[in-house]
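Protein chains in written order, with the numbering used here: chain F, 1 to 368; chain A, 369 to 741; chain W, 742 to 987.
Don't take every hint at face value.
What follows is a set of in silico ranges between Cβ atoms, one per label pair, in the way DEER data are often shown [stated by the list, open to error]:
no., chain 1, residue 1, chain 2, residue 2, range
1, F, H14, A, Y736, 17 to 27 Å
2, W, N833, F, I314, 37 to 47 Å
3, A, G576, W, S800, 24 to 34 Å
Keep in mind that the hints were calculated from the coordinates and are not lab data. Just so it is clear, CB atoms sit at the ideal spot from N, CA and C, and this is done for glycine as well.
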Amino acid sequence: MKTFVAFIRKEFWHVLRDTRSLVILLGLPVVMMILFGFALSSEVKNSNVAILDYSNDDASRLLIDRIDQSQYFSVKERLKTEAEIERVFRRGEARLVVIFPQNFQEDLSHTNQVQVRFIGDASDPNTSNIVINYASSIFRDYQNELNEQKKLPYTIETETRMLYNPQLKSSYNFVPGVMTLILMLLGAMMTSVSIVKEKETGTMEILLVSPMRPLLVVLSKAVPYLFLCFIDVVIILLLAIFLLDMPIRGSLPLLLAESLLFILTTLSLGLLVSAVVDSQQTAMFLSLVGFLMPALVFSGFMFPIENMPLPLQIVSNIVPTKWYYSIVRAIMVKGLGFSYVAKQTLILAVMTVVYLTVAIRKFKIRLA
Amino acid sequence: MRNLVFLLQKEFRQIFRNPTILRMILIMPIMQLIVIPLAADYEIKHISISVVDQDHSTYSSKLVNKMTASGYFQLVEYTQSYAQATKTVGDGKTDLILTIPVHFERDLIKFNKAQLHLAADAVNGVRAGLGTAYAAQMIGDFNREIREEWMLLPKFNEMPQIEITSANWYNPHFDYHLFMVPGILAILVTMVGAFLTALNIVAEKEVGTIEQINVTPLKKHEFILGKLIPFWVLGMVSITLGMIVTFVIFRFLPVGSFFTIYAFSAVYMFGVLGIGLLISTFADTQQQATLFAFFCMMVFILLGGLYTPIESMPEWAQWLTRINPPAYFIKIIRAVYIKGSAFSDLIPEFLVMIAFAVGFNALAVFNYRKRSA
Amino acid sequence: MTKSVIHTEGLTRKFGDFVAVNAITFDVKEGEIFGFLGANGAGKTTAMRILCGLLEPTSGKASVAGYDVYRQNEEIKKHIGYMSQKFSLYENLTVRENIQFFGGIYGLTRKELREKTAVLIERLGLNQEADKLVGSLPLGWKQKIAFSVAILHRPKVVFLDEPTGGVDPITRRQFWDMIYEAAHEGITVFVTTHYMDEAEYCDRVSIMVDGSIAALDTPSGLKKQFQAESMDEVFLQLARGAKRGE
Numbered sequence: 001m002k003t004f005v006a007f008i009r010k011e012f013w014h015v016l017r018d019t020r021s022l023v024i025l026l027g028l029p030v031v032m033m034i035l036f037g038f039a040l041s042s043e044v045k046n047s048n049v050a051i052l053d054y055s056n057d058d059a060s061r062l063l064i065d066r067i068d069q070s071q072y073f074s075v076k077e078r079l080k081t082e083a084e085i086e087r088v089f090r091r092g093e094a095r096l097v098v099i100f101p102q103n104f105q106e107d108l109s110h111t112n113q114v115q116v117r118f119i120g121d122a123s124d125p126n127t128s129n130i131v132i133n134y135a136s137s138i139f140r141d142y143q144n145e146l147n148e149q150k151k152l153p154y155t156i157e158t159e160t161r162m163l164y165n166p167q168l169k170s171s172y173n174f175v176p177g178v179m180t181l182i183l184m185l186l187g188a189m190m191t192s193v194s195i196v197k198e199k200e201t202g203t204m205e206i207l208l209v210s211p212m213r214p215l216l217v218v219l220s221k222a223v224p225y226l227f228l229c230f231i232d233v234v235i236i237l238l239l240a241i242f243l244l245d246m247p248i249r250g251s252l253p254l255l256l257a258e259s260l261l262f263i264l265t266t267l268s269l270g271l272l273v274s275a276v277v278d279s280q281q282t283a284m285f286l287s288l289v290g291f292l293m294p295a296l297v298f299s300g301f302m303f304p305i306e307n308m309p310l311p312l313q314i315v316s317n318i319v320p321t322k323w324y325y326s327i328v329r330a331i332m333v334k335g336l337g338f339s340y341v342a343k344q345t346l347i348l349a350v351m352t353v354v355y356l357t358v359a360i361r362k363f364k365i366r367l368a
Numbered sequence: 369m370r371n372l373v374f375l376l377q378k379e380f381r382q383i384f385r386n387p388t389i390l391r392m393i394l395i396m397p398i399m400q401l402i403v404i405p406l407a408a409d410y411e412i413k414h415i416s417i418s419v420v421d422q423d424h425s426t427y428s429s430k431l432v433n434k435m436t437a438s439g440y441f442q443l444v445e446y447t448q449s450y451a452q453a454t455k456t457v458g459d460g461k462t463d464l465i466l467t468i469p470v471h472f473e474r475d476l477i478k479f480n481k482a483q484l485h486l487a488a489d490a491v492n493g494v495r496a497g498l499g500t501a502y503a504a505q506m507i508g509d510f511n512r513e514i515r516e517e518w519m520l521l522p523k524f525n526e527m528p529q530i531e532i533t534s535a536n537w538y539n540p541h542f543d544y545h546l547f548m549v550p551g552i553l554a555i556l557v558t559m560v561g562a563f564l565t566a567l568n569i570v571a572e573k574e575v576g577t578i579e580q581i582n583v584t585p586l587k588k589h590e591f592i593l594g595k596l597i598p599f600w601v602l603g604m605v606s607i608t609l610g611m612i613v614t615f616v617i618f619r620f621l622p623v624g625s626f627f628t629i630y631a632f633s634a635v636y637m638f639g640v641l642g643i644g645l646l647i648s649t650f651a652d653t654q655q656q657a658t659l660f661a662f663f664c665m666m667v668f669i670l671l672g673g674l675y676t677p678i679e680s681m682p683e684w685a686q687w688l689t690r691i692n693p694p695a696y697f698i699k700i701i702r703a704v705y706i707k708g709s710a711f712s713d714l715i716p717e718f719l720v721m722i723a724f725a726v727g728f729n730a731l732a733v734f735n736y737r738k739r740s741a
Numbered sequence: 742m743t744k745s746v747i748h749t750e751g752l753t754r755k756f757g758d759f760v761a762v763n764a765i766t767f768d769v770k771e772g773e774i775f776g777f778l779g780a781n782g783a784g785k786t787t788a789m790r791i792l793c794g795l796l797e798p799t800s801g802k803a804s805v806a807g808y809d810v811y812r813q814n815e816e817i818k819k820h821i822g823y824m825s826q827k828f829s830l831y832e833n834l835t836v837r838e839n840i841q842f843f844g845g846i847y848g849l850t851r852k853e854l855r856e857k858t859a860v861l862i863e864r865l866g867l868n869q870e871a872d873k874l875v876g877s878l879p880l881g882w883k884q885k886i887a888f889s890v891a892i893l894h895r896p897k898v899v900f901l902d903e904p905t906g907g908v909d910p911i912t913r914r915q916f917w918d919m920i921y922e923a924a925h926e927g928i929t930v931f932v933t934t935h936y937m938d939e940a941e942y943c944d945r946v947s948i949m950v951d952g953s954i955a956a957l958d959t960p961s962g963l964k965k966q967f968q969a970e971s972m973d974e975v976f977l978q979l980a981r982g983a984k985r986g987e
């Protein structure tokens with residue numbers, strides 16, 4: 001036991017002495033939280049709009065003004081002919097072109113009927129969709145103002161409530177996502193690379209002839225990462241609470257316990273990789289393709305899992321990130337208790353045991 | 369020049385013997401291009417809905433029928449208890465609760481006005497927003513149908529009406545893959561280039577062979593060129609493979625010219641390699657290099673406009689995207705692939721690419737000191 | 742009087758406040774085997790890195806093969822060979838490819854390369870292994886190949902940094918035969934080592950303690966001076982006074 005502690009201490013020194021890496025390991029969650037929290041949003045703001053106004057009357061000018069003043073748009077260019085639209089789009093200078101017909105105001109007031117055309121650059125389909133919707137609502141509002149006097153009968157009013165997340169903050173989605181990603185990076189990738197490094201440089205052999213059991217040698221390398229992982233979880237939670245105003249609705253001890261379980265899962269994954277591969281580059285590549293990409297894809301924080309084709313949905317079940325993600329969401333955002341996450345917890349626990357057993361067996365064969 | 373030939377010969381031999389590099393440039397494009405676009409389907413479909421019907425009238429069931437017949441919503445529960453429905457939301461089994469209160473039909477007929485309640489699981493805000501929007505739209509349609517049925521509205525317009533027609537250019541069917549795939553292509557070459565270069569140079573440091581190189585009369589620029597050229601070739605191979613995979617799986621060909629794509633890739637690749645080189649100057653071990661490269665990639669990609677539009681970012685973040693090479697490259701590849709932008713449309717971007725290539729490499733060379741001070 | 746190939750005068754290198762190499766002065770003659778001894782941290786490697794043109798000195802004079810270490814370090818590199826304690830050939834290249842690569846960047850022509858490679862492989866008895874990856878060979882062979890590569894371009898001086906670490910006694914013996922042969926052909930050998938029996942093989946030996954040269958003479962001269970039976974004893978007497986530990 002004493003030697004084990006000595007080994008762990010040595011590994012801690014290794015990790016702590018590399019300040020550059022440490023800064024990144026502790027800084028990455030901060031940077032990601034800030035980017036996701038403040039920089040990234042799928043909302044559309046300040047989209048560039050080009051206008052082709054054939055009538056140039058008071059009504060069209062008023063509407064153009066409203067478009068420009070809306071937070072969603074800024075009017076960048078006035079076109080003269082439809083031939084210019086192609087150029088504007090190809091250079092990426094506008095996402096939307098609004099075309100007013102001739103005699104816009106006149107037609108509107110005399111025939112009560114006028115046609116406006118929107119042309120969206122649908123190379124980004126979602127944004128184009130949203131932009132067209134926003135623009136439409138500006139015109140609809142204008143139309144409603146004109147119609148204000150009249151009231152319609154038989155009206156169904158719909159009252160809408162947003163459960164759990166009334167302000168529709170995106171943080172509720174990405175915080176669990178950032179956690180899974182960081183833990184995969186640290187637990188699986190960094191751990192496996194650091195163990196494989198000893199194999200690659202041959203120092204592993206020196207360690208193995210020490211009076212320690214080979215397995216403990218390997219385990220002692222994982223311990224510092226376990227601590228770092230935990231620190232990162234705490235950093236993320238603190239940032240979520242104080243920077244992003246996102247309270248933890250459920251039980252904090254439960255959340256931390258579940259995080260610890262997931263950390264163990266990632267560490268066993270890391271051990272498994274290091275048992276199987278011999279070069280750092282392979283370990284890195286395997287972690288990148290095998291863990292980090294799935295962590296991005298299948299934790300549901302960038303892409304909705306429900307939308308995935310069936311084969312991918314099935315694959316997502318064998319990826320631990322998905323389960324942890326749903327645990328964190330349930331506890332943190334929905335404030336649910338253990339009974340709601342018991343199934344996911346069990347799945348994670350089983351995964352951990354399986355990875356660890358396989359890793360240990362592989363190591364035993366190799367190191368014996 | 370002579371030395372360069374020897375260096376290149378050596379690098380290529382090593383590359384072809386390194387299974388990881390070969391796997392990286394072969395498997396990465398295939399994995400990424402197959403998995404991510406399939407997964408990254410932002411179109412919100414299959415919204416599950418629980419209906420709490422406390423009215424049980426003809427019109428309440430008509431409404432429910434309309435909602436489920438639309439194909440947008442999947443009815444998972446039809447109950448009378450709101451509490452029951454909230455529990456279903458808690459379990460994550462339903463996205464939306466539509467509550468039809470008692471006397472819905474009566475109120476509508478008698479008082480000209482009736483209420484409906486929608487509650488959405490808003491943990492995923494986008495999904496909740498779209499779900500409620502669809503539902504509201506459907507309820508609006510339902511409302512109009514009722515009016516038409518009960519009032520027989522005149523066909524001509526009494527009120528001014530602005531009719532909006534919209535056209536969606538380049539991607540009329542809103543194919544999300546068409547949007548994502550070229551973006552991923554751009555990310556792919558960036559990752560291959562930056563990771564491989566950084567790791568390769570740092571590996572020489574770690575193993576100690578760089579020391580041996582340093583005592584030879586090799587010039588600094590020869591060594592660096594000897595590293596850049598092979599990985600530049602690999603990068604071009606990887607974008608070519610990526611385009612082939614794109615065609616095989618998705619049947620996408622660039623609307624614009626291959627020349628434009630290759631011209632931009634060629635210059636961009638040098639910029640990316642410069643980033644890799646720069647990372648390698650900061651790292652002593654491959655583990656560090658991996659970490660630094662990962663960090664850079666993460667920030668580059670998140671701020672690259674791959675998932676979220678750049679113009680909706682705050683000022684400071686937009687400023688960062690201006691010094692973010694992948695942001696330009698993603699935009700360029702998308703423009704050429706989807707809109708068929710020509711080289712002449714993208715000249716400003718081309719100049720930026722050149723600036724990046726020169727800038728990053730200059731920075732890296734400046735940092736890479738053959739004689740440790 | 743043969744001319745000196747390495748010449749230093751008050752050569753000093755500081756890292757911050759730490760004086761790694763403290764005003765060392767010595768000469769190494771052409772064709773000499775010069776042993777450079779010292780405990781870990783005594784400053785051997787730093788001194789050697791300066792002489793190889795990898796590190797700029799803080800003060801003092803030094804020249805290698807007639808070139809100044811301050812101004813002509815690129816010129817120096819053309820005229821020296823170097824073999825580090827860490828094995829420094831490319832493990833994922835074959836023996837033949839390594840020879841061709843390093844020979845190539847030292848400016849040998851393709852024709853010379855072909856001839857020299859053939860001779861070298863023959864001399865090392867590596868006909869079977871010439872096209873195997875270096876990484877798959879035993880350490881002793883690797884070191885012999887590394888040495889052959891380091892003198893492939895007939896340098897004026899070859900620097901060997903603990904070349905026989907971890908190698909079995911027989912291979913070490915063979916390795917030293919190669920060193921003698923090189924010296925015989927006029928290549929000056931500058932070698933650091935941990936093994937005191939190896940120090941006995943050198944023409945002259947310098948012993949560094951705490952950044953300075955504490956003693957410099959032929960092995961027999963040193964033994965006489967310190968009234969010691971073996972180089973081991975000489976070294977221990979000097980090292981005992983050292984302040985810098987490992």
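Does the Cβ distance between G576/A and S800/W fall inside 24 to 34 Å? This hint holds: roughly 29 Å between Cβ atoms.
Hint says 17 to 27 Å; check whether the CB-CB distance for H14/F and Y736/A agrees. holds, 26 Å
Outcome of range test on Cβ distance (N833/W, I314/F; 37 to 47 Å): holds, 39 Å
Hint compliance for this structure: no hint is broken.
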